[in-house]
Every structure is written in structure tokens, then in C-alpha cells.
Amino acid sequence: MDYDVLVVGSGIGGMESALKLGDMGYKVLLVEREGSVGGRMILLSKVFPTLDCASCISTPKMASTIHHPNITAMTYGEVDGIRRDKNGRFHVQVRQKARYVDEAACTGCQQCETACTVAVPDQFNADLVARRAAYIPFPQAVPKKAVIERQGTSPCTNTCPAGIKTHGYVSLIRSGKYEEAFQRVADVTPLVATLGRACYAPCEDQCTRGELEAPIPIRRLKRFAADTHYGRKDLPNVDRPQANGKRVAIIGSGPAGLTAAWQLARQGYGVKIFEAEPQPGGAMRLSIPSYRLPVEALERDIANVTALGVEIATSTRVTDLDKLRSDGFDAVCVATGTPSSAKLRVDGEDLAGVQSALSFLRDIKLGAKPNLAGKTVAVIGGGNVAIDAARSAQRLGATAVHQICLERRGEMPAHTWEVKEALDESVQLHDGWGIAGFTGNLEVEAVDLKRCTAVFDAEHKFRPQYDDSDRQSIRCDLAIVAIGMGVDTAAFPKLAPNGSRALQANPQTLQTSLPWVFAAGDAVDGPTSIATAVGKGNRAAYMIDRYLRGLELGAFEGIDDRLGVMDKSQVLARQKSYTPRKVIKLSLPLSAHPQDFAEIEPPMTEAEARAGSGGCLDCGVCSECGQCVETCPADAIHLDMKEKKQEVEVGAVVVSTGYKLFAADLKPQYGFGKYPNVITAMQMDRLLAPTRPFNTILRPGDGKVPERIAYIMCTGSRDKTVDNPLCSKFCCMYSVKQNQLIMGALPLADVTVHYMDIRAAGKRYEEFYDQAKSMGATYVKGRVAKISEKDDGNLVVRYEDIENGGNLVEAEYDLVVLAVGVQPNKDPVGLFPEEKLALDDYSYVAELDEDLNPGRTNIPGVFVAGTASGAKDIVDSILHAGAAAAQVAAHLEEQAQAQRETTQAKMKVLA
Amino acid sequence: MNTIRDIREVIREEPVMQREILAAVKLGPMTIPEIATAISRPADEVVFWVMGMRRYGKLKESKEATDGYFRYGAPEVRS
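Protein sequences, first through last, are from chains A and B. Each residue of the first sequence is one higher than the last, beginning at 6 in this note's numbering. Each residue of the second sequence is one higher than the last, beginning at 92 in this note's numbering.
By construction, these hints were calculated from the structure, which means they are not laboratory data. Note that CB positions come from ideal geometry on N, CA and C, so glycine has one too. Honestly, I wouldn't trust all of these hints.
[What the hints assert, rightly or not] Computed footprint of chain A on chain B; a stretch qualifies when at least three of its residues, placed anywhere within it, have a C-beta under 8 Å from a C-beta of chain A:
| hint | segment |
| --- | --- |
| 1 | 97-110 |
| 2 | 120-132 |
| 3 | 142-154 |
So here's chain B without its partners, still in its complex pose (with noise of 0.2 Å):
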């Protein structure tokens, strides 16, 4: 379902949905209509705030898109 908010709004939720996030894709990476649902917002919505933090690298894509998507998770740290 998705419904259309101010992409401003949106955008500026970002700081607030990362920890949600974060914990909906500790188990394993996940694709967005998979942590839309987890964390129970619109998949538009969840698009922004992925990629936001995929820009700035506390999400990393898996290497292939499986049925269309790619799959979301936190990115390995390497000791």
C-alpha cells in the first residue's frame, strides 16, 4: 500500500526510522516491501530512508536482485 506524504516529511524521518530499520534487517538482509513490513510503513516510504542510509553507509545491497529485489542489510565491519 502506498501512500504519498510530503516527500520533506518523509525525508526528515529518516534519523527516527534508521534504528527500526537496523534492527528489522539484524537477522539478515531483507528486501524493502520485507522491512516495510516489519516495521509496518509504506513501502515508498521505506525506499527514502534505505537508501538515505545506504548513501551514507549503514546499508549495504546484496550483490544480485532476486524476484526484482535487491535485499538491504547492515554492512559487514571488517575488524
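Chain A on its own, in the form it takes in the complex (with noise of 0.2 Å):
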């Protein structure tokens, strides 16, 4: 056996059953859900009727839990479940999340709530004020230390092909740390600039926000982040380090090749990068057009690399992948891209006038702009890169440009917005038609179309239909090809290629049949988006870093096994209503005839950056912006620490899981959550703590000193609409405590209390109440009907007056307060899967002989403790659970004696 004892809950209930059995000699495991043990009871002002300290009584109590030498105290665990053995014994399936902080090194020196970019409601402040997703629970918490709550991947970050940590840009730029905004997508990729335009942003398609008005624009947020990045004079700012003595080449400058030559220079290694063209970029330099990504922008990018050290020749086709190794080079990384072009196999493509749109798109990078004046241009393919073709025609002057695909506009593999914008530039496109050839005399005159019935088959591969008796003939001077490209298998024949337009490599650590060189890109993968070479890059460097060090290669680490994905309906769920934004728009200046290659896209303000950013829901809640690991002093943080499980044996069970708090917006009456000048005693309680989130009692509609204060008791208590007919037994006195209090801190104020009746049933409690009369608070009995709010955040209390006539009247005050009841915290039952643990009728865990053997449940060997039986004040709680621990150390001892005596029987059978 693990443990004699399970403990599950640690608020006062919970640490007294455990302290008493640990005093006893027995072993306690103590499970409890939040960061720190202590339960409600440490949340607390003062108590009643002593008015001493809750912390100062409760915080001893902590400490002897987590220090005591027979109590294991697992905070920030979970217990998933709870099975009984034929011998009576419990297996327990306990979890000890990840709280991502390394608990030896914290130091609770709250560095990391300071830098944190994402602000949640504080629950151990009733929601009154922010805390941080990185957090130590409250200032007393014991043990003291932080938590990162990471509830999952926020869709944004699991989407991106990159890797990028979008979720951490995008909360970075909302709280103005535009730099560091940069430096998160910099850690992935030198590529910000060209990214921030030129990205289709799966991010965006996968935004939960997208479910409510719109999308947050993440693209454009990281061209700002890169914008105000390069706005900078001091550039390119990066720190060379210090040299490990290995080389890697790398073939090829496209989005692969660059992020791996980024992240291996990054590390320490001789990087070189050789490049067929005559100027570096690859695809991005060479096909994407200057008005959707200008050359000044990628190069900015590209001098990031250079200025690690990062050497690019040019003008440089590598072949002989031996001839690296023996110049010096430790390992290779083939990012070629997929330069070579598909053809159609049709007759006349072989005319002059007919081109491919990459050489065609290259020419026009390069310098050789061809003057398509007076001209007709036909454009064949429906994919972006026909598109980008389309629409440079246009630009060179054309007199008319067709782009005709086999796809309706619909089906078109390009993106609906740029399809979109290719016709408000005057491209005609012509949808759903195939080309039967190309005529003309040596050189093109016309491209011949034949109807396309279906592209696909019933398996959805690609099979196109045509009807040959439906045809046209489209007269043009050129016809630009894009349908398809590959990556030349033939210049590597050392390397295994897979099907006849890529190579072939290990789609986990892209290393290739020759161990010493990997392959990323869109070389392996076919044509894809510059996003997703940029991940492939990032993946290679990984493992060739491995590689080179001698590790071996499996999983990318932070990549492959990052949290699973935040469930959209789970983000949305977190509130009960949304207030609609504004959407940032983006208004294109297209015109319908466009004459040059100017940017289309305008920069986003600061302005627009701020609110479009401020829409983030917080999916995942930590960003994984980075900046908590950056500034702990004691490199504490760890995000990729893993939760872990285990299942433990043990001998009885107390549940002492305590209770809940009424939701007082159940009595929309009273206004909670309509008037922000009504809260709750809980959240009172709060504001007249030593760590209150005010600097005093304010009220939370405008900051203002209350100084007239309403108390409505039995709020959700002793009401049958509700469905609650019990007392809550507590609430008369916290209130009358609370009242007392509140007369201590400010002097002028009023308080008067709405009741039914006083119910002072304790030791002092009568005295207690006399007191609070005696300071001045004035009881009214009889019950409130209605609240209303004035404009000045004052509210008008309607309340039967029983002692003075019965008569209905209406009395102003700027706060009032709703002395809410407890309700039974149903959870307890899902610990036992295999067998029903009973409630009472009340729906608290029931004690089946209460009057006798109080803590008894039906469950043999599982007891409660606390509030989790009913409602209780803390005294009564902490003589609730110390029965419960009598009955637990009755239970294990009868387990011992039983247990002997069968051992007894045997030997004597023996014997």
C-alpha cells in the first residue's frame, strides 16, 4: 500500500482530516486541485465571531500540511478516479499537472505575473480584479510558487505550418511589446516581413474569434510587428555566436532553406548556402510579385541571415552532393523548391508565345519586364500562381488577360480573395475549361478550349471530364502555363526520389537516403506555401543539430508534442455573452487597371494593430508569448514540461471537496451581474482582506467609497425557487462579521441589512450580532423584491418593512451586497466510477448515520470531511473532519486487526 490515507481537497476540512491522521502516524497523500492548499477559509478577511486573522489562522495550518513528515501534499493535482479492491483497498488514479514551473527553483518572486501578456479574471479574488495565466494563486499560497495555466494549443499556433507561436505574437502586440512581437516570429523563421504579406494565413481560417463577427487579421499584425521592426536604424540587430566548428551546406535560398541556415547560424555553425539563381529568395524573390511582396521587404529578411554569418553563393547549381562533404561539410540540407514547371502535352505548346508562368514571373523579378502592350494574354491554370501571373500581365499592359482553369470559380485551388481581386483588375476569367492546344504559325495565335465536365473522379482524384463537342477558341499573343511544378529529382541521383517530382525523406526528420543529408522544403513536398517550408526548415536545422551532435532523431520537441488544441466550443463557452467587435477591414486601393508593381497592401496602424489584436480570445489562455521564461531569474519556467500520472494504493479515502457558492445571478431581481455596484458577500469579503484586489472598499461600478452599503441575506439560501430550501447556516454571521468590518474601515458609512431572520446559533454569535447593532448597523427585517439601478450607479432597494407596518418602501444605496448560501459541490461523485457514492437529498455527500458515526459514507473506507456533508462554519468543519479522521484511523485499524487475524489462521494451519 501507497498511502493509508487519500485526502481529496485541502480546504480547511480537507488539511484537518490530514493533519489529524498524519499526527496519528498514518500516511497521507493530500490531493488538491489548485496551486496552493488552503481552500476558502485563506481567502477570508477575518472570521466570526473572534475577528481574528483567517490568514494568520490559516496559514500555520498550511504550512504543517505541506511540511508535516506523513502528509504528501500533490497541489495542482487531480484525481481522475477511485477504484475499491475485493480486499477493500483503493487504487487511485492520481495527475499531477504541469504547472510549467520548476518548483525547487521558484522562487515566488512574481517576475513572471509582471511580464505576462494575457489577463484572465482572478478566481482567488471572486473575479474582482485580473490576475495573469502566469500566476501564484494568492500572496499567502503555500507552496509559493507560479503557475502557467495553458489549457491547451490555441487553435492560431496549432495551425501554423510554420511553427510560429502565433498566439504569443499576437498578445505580445496587443500589450505594445511590438519588438519582442518580432523577435517570437524570429525565433522561428528570419522570414517576418515576407511571412506578414505573402502568408495565406491558415492561422486566420482556424481563429475562434472567426465563429463570432470575424477573424482577428494575425497576418497583418505580424507585418506591423515587422514593420515597426525595420523601422529601426540599428539593423540587422543579431548576436553572432560563438562558432562550433561544423559546417552545413544548404542548396537552396527559398523559405527552407533560409530557416534552416537561420536556426543552425543561430546555433553556432558554419552555414552556406548555395543558390542556383542569381539572387537569393528562391520562389519568394523569383515568383511572388512585388505588389504582393516587394523585393526591399525579403531582403530586409535575408539580411537577417547574412549578418549571423551565413554566406550565400549565387549563381551556384550543386549537383554533387560527395564533392560537399569532401570540401568540408558536415551535413547537407537540399531545399531546392520545385523550380521546374508542368506541361500540358498538348499540340502547340511547343509555339513561341507560349511560356511557363514561373520563367515568365522570374523574367519579370529579374528586370526583363516584357511590354504585353496592345497585347492579348491567356493565362492557363486555377492556382495562385496563375493568378499571380494574371494579374502581372495586367500590369505590363495587356489589352486583355483570360485565365482559364478546368475548376468553376469555386473549386479553384487559388484563394477566394485573390481570385476576387484578379477579376477587380480586369482578369477575365473562364471557368471550367480545358485546353484541347494551341494554334498558330511558330508563333502562338490562339489557345483551343474544350468544356471540362468534372475535374475529379468519385474518389476525388484528379481525372478530369471533357465534353469535346463544346469548345471555343480564344485568340492571345501569349499564353502563360500554370499548371503544376516539381522539383528536378534528376540533379540529386544519389538521393531516392519519391514519384517523379520529389525527393524522398523521413517526413519526421527529413533526413534522406544518405544519412548525412536532409531534404526540406517543397522539394519533398510538392508544391505548397512558403509557411510550410519555413517549418520544413525549421525541422531540418532541428535535426541536423542532432544529427551532428550524436542524438538521436525522433520527435521535434515543442512541435510535435505541444498540448493538444483548445476545443473552439470550449473558448466560447468560458463567457456567457460577446459584445460584437469592429472589424479591421481591409480596404484594397485595386484598380481595374493596374500599371505597376507598387504594393497593393497598405501598412496596418498602431492604431488598428491594438484593437485588431485586443479580439484575441486567449484560446489556449498562455499565449506561449515567452516572456515569463525570458525574465525568470531562476530559469525556472518550462513549457514543455508534461503532466504526469500514476495510480496509487491506498487504504481509505476522505472526501473533503467543499462546497459552492450560489450564483446569485440565479436572482436576476437583484441585479448581480446587471449593476456592477451589487456583488456578492464573497466578493465583500475580498475587498476587506489585508490582500484585497482595491487599495480599499470601493465600489466596482466607478472606484467610489461606499457610504451608504445594503446587505440582502439568504440569498439563494431558504428559497425554494432556487431549489435550495436549506440554510446555509453561516451566512447571518459572516455577515454581521463583514458588517462590523466594513464600520471599522469607514467610519461614515451606513450599513443596513435586509433579513428574514438572525440565526445566531453559536457560542458568542448573540453577543456577535449585539455588537454589530451597538457600532450601528440597522437590521430591517423583511425580504427585498427588487433592485434598481440610477444613473449614477446608485441603487434603489424595494423591501418589505415587517417591524414597521409591513409597509413597501424604497431606500437608495451605492453598494449592495448579496449574502449568498453554499450549494453542494456535486464533483465528489465522479470520483467513483465503479460505485454510486450516495447524496442526501440535498445533493451533499451523505453521511449514513450521521448522528453516530458522523463522516460515514456507503462506500466502506470512504469518508467525508467538511463542507462537502453540508453547510458549515469553520469550526464545525474542523470538528467534522477531525470525526472523519477518527473514523478513518477506526476503519484502518480494523483493516490491521483483520488482516492479522487472517495471517494468524494461516500460520496456525501451517503450523
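Two chains, each in its own frame: build the complex with the hints.
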């Protein structure tokens, strides 16, 4: 048996049971789901009727619990299930949730909290103020260690093929940390400005905000970070690491090659890029028109790489991999992209004037801009490259540009918005047509079309069907073909090909058939996107580094093992309501007849960037912005930490899971959640506590020090309309306590309590009540019917004044406090999947023999302590927990005795 | 004028609002209603932002309340 007892929950009841049992010599495992022991009591201001400081009483107990030699306290843990075996022992599935903080190293300095860029309601302050995703539960937390709240990977980050922490840079921009946002992207790739312009932003398709009014403009935010960074004068500003003596050759300077070079050079590798074209950048430089991606933006990104000492040899085609090895390179990364164009294989394709889109776009980017004035151009293809070619032809003065594609408009592989922009620029779309051939005498004069009736077969394989009887011909002076791209596999005969148009590499490690050669990007995957190629370049660098350090190639840490993606419905369910935000719309100044290649998309203003990033819903809670990691002076934060599950065997279980507070908005006539100056008594207790969320007692509507404060008793208790006929037993006394504390803190304040009757049935409770009255608190017998709000935030309370004739009276207050009752916590039922833990008529954990055997439940060996079995004040909770501990001890001794007798009987038989 | 939005939605905006609030109090400490007027946002939302900023040391309250309101300003930086 691993432990004698499992105690679930570490409120005052759980701690008391654990301490009593520990003192008796039993080994106790205490599991607490929050990051600190202490439960609710530690959050209170003072306790009644002694007005002792709650912290002063709680913290020694918390410290004793944590440091007791017989108690193992697992904070930030969960019990996933408890099963009882035939011997009466319990097998418990416990899970240590990842706090992402090394508890031994964390000093509780709170610098991670200050640096964190995500604000969420602080449950330890009754939602009156924000905490951060990185947080220490409360100032007296035991252990005083930070927790990083990570519920999952945000959909934007999860979907980014580049592996960029998308949520991270969005939250940094939201916090005004623009340079940090740039660096967050640069952690992955040097191509920040490029991706900010030319990425197709799959993150935006996944943005949870898209389920509301519109996704946030994530790509443009990245561009904003890049524009801001490159607006500085001290660039490129990169640190060159110390050389590690090893060299890596990279073939190709597209997104995969540049990213791999960037990552390797930052780790001290000597990197040389070999580029077959006269200028670096691959398809980004040669295929993407400048109106989408200005050369200057790309060059600024590439300058980051060369600033690290990476040498780029242009106009250098490499095919002999062995020679690279003999030249002293320890590893090679092939990242040549897809420079070859697919052919239509139709009549007339060899006529002059029939050209591939890649060569057409390349000529333009290298300065040889053909004059198309007075000419008609046909562009064949339905993808993004075809769109780029068509829009470029428009800019070169073509009289007419016809785009012809097999697919119908809605099926085109090009992005919908790109098709629209092309049409806005007067490109004429002929969708649903295939190419029968080209006609002309030496030079192309027309393209002949045949109707395409279907592009894909029943299995969705590309297998176009045509109606040869439906034909037309379009006259043209230039035909540009953009129907597919591939890698030149013949260039590397020693590398195994993957079909005829790509290289073969292990999809996880990117290692090729030659162990020292890795291949990344479109050279392996075929035509994809810049972001995808960036992701593969990043992966290749990671694997090459491991290979050269003699480590096993395996998963790409931080990418392959990231947390599961957040469920959007779960994210949206966190709020009861959403206010529509103004959408940051992009209105491009498109011309029907564009004349030049000037960049179309305007930069984002700072106001737009902040408004746009402000819409982020923080799906995963922690944004992975990395500020806590960078700030922590103890290097204690590790976002790669994993939760740990284990099964333990125990002899008994104590359920001390406490209660839930009544949700005050279920009494709509009192206006909680509608009027900001209506608060709950738990919120008032936080305002009265020394560790209060505000600087003093203020009303939440406008920060005013309240002068007239009303209490409404029995909110959600003794109330059949909310299905809770029970008295919560301690609301009267905590209200009386708060009345006294308020009058102490705000001597000029008037406190009025609207009550049904005051239940002061405890030692010195009546005197405590009398003391509040003598201090000046007014107690008015009668129910409150309704609360309404005035323009100044004051509240008009309409009530029955029973002791003065039963009249209906209205009174005005600055602040109203709802003395909310308690509700049962039904969570313990889920702890026992194989046996039903009995609940009483009010859904508290049932005690079968409450009078004579308090704490015993229907499951032998399972006990209940404290308010999990019903409403109790602190004193009664402690008494009950002590009784439960005695019951546990009796149960364990009975079991031990039975075992001893069984053993003795067996020994007698053997003798 | 108070307009209650979901608390999580309001609190999430604190990082965005910090700069506006700090700009508003640059000339001197202000009460919550004054800040609300300056940045054209509801006072109940400003309470969340100001208290969040105060918690993490970006704002500090005046010692005494005047006419029931404390003033909040940027904390003095000690040289």
C-alpha cells in the first residue's frame, strides 16, 4: 500500500483530517486541484466571532500540512478515479498537472506575473480583478510557487505550418511589445516581413473569433511587427554566436533553406547556402510579384541571415553532394523547392509565345519586364501562381488577360480573395475549360478550349472529364501555363526520389537515403506554401543539429509534442455573452487597370494593430509569448513540462471537496451581473481582506468609497424558487462580521441589513450580533423584492419593512452586498466510476449515520469531511473533519486487525 | 454610464487599455470617473483595468480620497 489515506481537497476540512491522521502516524496523500492548499478560508478577511485574521489562522495550518512528515501534499493535482478492490483497498488514479514551473527553482518572486501578456479573471479574488496566465494563486500561497495556466494549444498556433507561436506574438502586440512580437516570429524564421505579406494565414481560418464577427487580422499583425522592427535604424541587429566548428551546406535559398540556415547559424554552425539563381530568395523572390511582396521586404529578412555570417553563393548550382562532403561540410540540407514547371502535353505547346508562369514571373522579378501593350494574354491554371501571372500581365499593359482553368470558380485552388482581386483588376475568368491545344504559325495565335465537365473522379482523384463537342477558341499573343510545379529530381541522382516530382525523406526527421543529407520544403512535399516550407526548414535544422551532436533523431520537441488544440466551443463557453467588435477591414486600393508593381496592401496603423490584437480570445489561456521564460531570474519556467499520471493504492479515502457558492445571477431581481455595484459577500470579504484586490473598499462601478451599504440576506438559501430550501448556516454571521469590519474601515458608512431572521446559534454569536447593532448597523426585517439602478450607479432597493407595519419601502444605497448561500459540490460523485457515492436529498455527500457515525459514507472506507456533507461554519468544519479522521483511523485499525487475524489463522494451519 | 460586459471580455482588454490609461494620467493622477471620461470607456470597466494595473505596479493610488474617490497615477520612479 502506497499511503494509508487519500484526502481529496485541502480546504480547512481536508487539512484538518490530513493533519490529524498524519499526527496519528498514518501516511497521507493529500490532493488539491489548485496551486496552493488552503481552500476558501485563506481568502477570507477575518473569522467570526473572534475577528481573528483568517490568514493568521490558516497559514500555520497550511504550512504544517505541506511540511508534515507523514503528509504528501500534491497541489495542482487531480484525482481522476478511485476503484475499490475486493480487499477493501482503493486504487487511485492521480494526475499531477503540469504547472510549467520547476517548484524547486521558483522563488515566488512574481516577475513572471508582471511580464505575462494574458489577463484573466482572478478566481482567488472572486473575479474582482485580473490575474495573469502566469500566476501565484494568492500572496499566502503554500507552496508559494507560480503556475502557468495552459489549457491547450490555441488553434492559431496549432495550425501554423511554420510552427510560429501565433497566439504569442498577437498577445505581445496587444501589450504594446512590438519588438518582442517580431522576435517571437524570428525565433522560428528570419522571414517575418515576408510572411507578414505573403502567408496565406491558415491561422485566421482557425481563429475562434471567426465564430463570432470575424477572425482577427493575424497575418497583418505580423507584418505590423515586422514594419515596426524594420523601421529601426540599428539593423540588422543579431547576435553572432560562437562558432561550434561544424559546417552545414544548404542547397537552395527559399523559405526552407533560409530558415534552416537561420536556425543553424544561431547555434554556431558555419552555414553556406548555394543558390542556383542569380539572387537569393527562391520562389519568394522570383515567383511572388512585388505588388504582393516587395523585394525590399524580402531583402531585409535575408539580411538577418547574412548578418549571422551565413554565406550565400548565388548562381551556383550544386548537384554533387559528395563534393560538398569533401569540401568539409558535415551535413547538407537540400531545399531546392519546385523550380520545374509541369507541361500540358497538348498540340502547339512548343510554339513561341507559350511560356511557363514560373519563367514569366522570374523574368519580371529579374528586371526583364516584357512590354505587353496591345497584346492579349491567356493564362492557363486555377492556382495562385496563375493568378499572380494574370495580375502581373495586367500590370505590363496587356489589352486583355484571360484566365482559363478546369475548375469552376468555387473549386479553384487559388484563394477566393485572390480570385476576387484578379477579377477586380479586370482579369477575365473562363472557368470550367480545359486546353485542347494551341494554334499558330511559329508563334501562338490562339488557345483552343474544350469544356471540362468534371475535374475529379468519384474518389476525388484528379481525373478531368471533357465534353469535346463544346469548344471555343481565344485569340492570344502570349500563353502562360501555370498548371503545376515539381522538383528537379534528376539533379540529385544519389537521393531516392518520391515519384517523379519530389525527393524522398523521412517525414519526421527529414533525413534522406544518405544519413548526412536532409531534405526540406517543397523539394520533398511538392508545391505547398511559404509557411509550410518554413516549418520544414526549421525541422531540418533541428534534426541536423541533433545528427551532428550524435543524438537520436526523433520527435521535434515543442512541435510534435505540443498540447492538444483547444476546442473552440470550450473557449466560447467561458463567457456568458460576447460584445461584437469592430472588424479591422482591409480595403485594398485596387485599380481596374493597374499600371505598376507597387505594393497594394497598406501597412497597419498602430491603432489598428492594437484594436485587432485586442480581439484575441486567448484560447489556450497562456499565449506562449515566452515573456515569463525570458524574465524568470531562476530559469524555473519550462513550457515543455508534461503532466504525470500514476496509480496509488490507499486504505481509505476522505472526501473534503467543500461547497460551491450560489450563483447570484440566478436571482435576477437583485441585479448581480447587471448592475456593477451589486456584489456578493465573498467579493466583500475579498475587499475587506488585507490582500484585497482594490486599495480599499470601493464600489466596482466607479471606484467610489461607498457610504451607504445594504446587505440582502438569504440570497439563494432558504429559497425554494432556486431549489435550495436549506439554510446555509453561516451567512448571517459572516454578514455580521462584515458589517463590523466595514464600520471599522469606513467609519462614516451606514450599513443596513435586510433579513428574514438572524440565526446566531453558536457560542458568543448572539453577542457578536448585538455588538454589530451597537456599532450602528441597522437590521431591517423583510424580504427585498427588487433592485434598480440609477444613472449615477446608486441602487434603489425596494423592500418590505415588517417591523414598521409591513409597508413597501424604497431606499437608496451606494453598494449592495448579496449574502449568498452555499450549494452542494457534486464533483465527488465522479471520483468513483465503479460505485455510486450516495448523496443526500440536497445533493451533499450523504452520511449514512450522521448522528452516531459522522463522516461515514455508503462506500466502506470512504469518508466525508467538512462542508462536502452540508453547510458548516469553520468551527464545525474542523470538528467534522476531526470526527472523519477518527472514523478513518478506526477503519484502518479494523482492517489491520482483520489482516492480522487472517495471517495468524494461516500460520496455525501451516503449523 | 455603466454597461456590463462579460468580465472575461473586459479583463482581457487590460493589456490594450494600459497605454491609454497611462497616457491619460500622464499630466497627473485621476479618479476612475475622470479616467473613464478621458478614454471614453465605462467607469465599471476602467475599475477592472486600473485595479489590474495597480496590482502589477503600473499605477498607484493617492493616500487620501477626495469626495469619495481616490486618484490613480503612475508610480514615481526612484532614481
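Exercise for the section: May I ask which of the numbered hints given earlier this structure violates, with the numbers listed in increasing order? Expected result: Those not satisfied: there are none.
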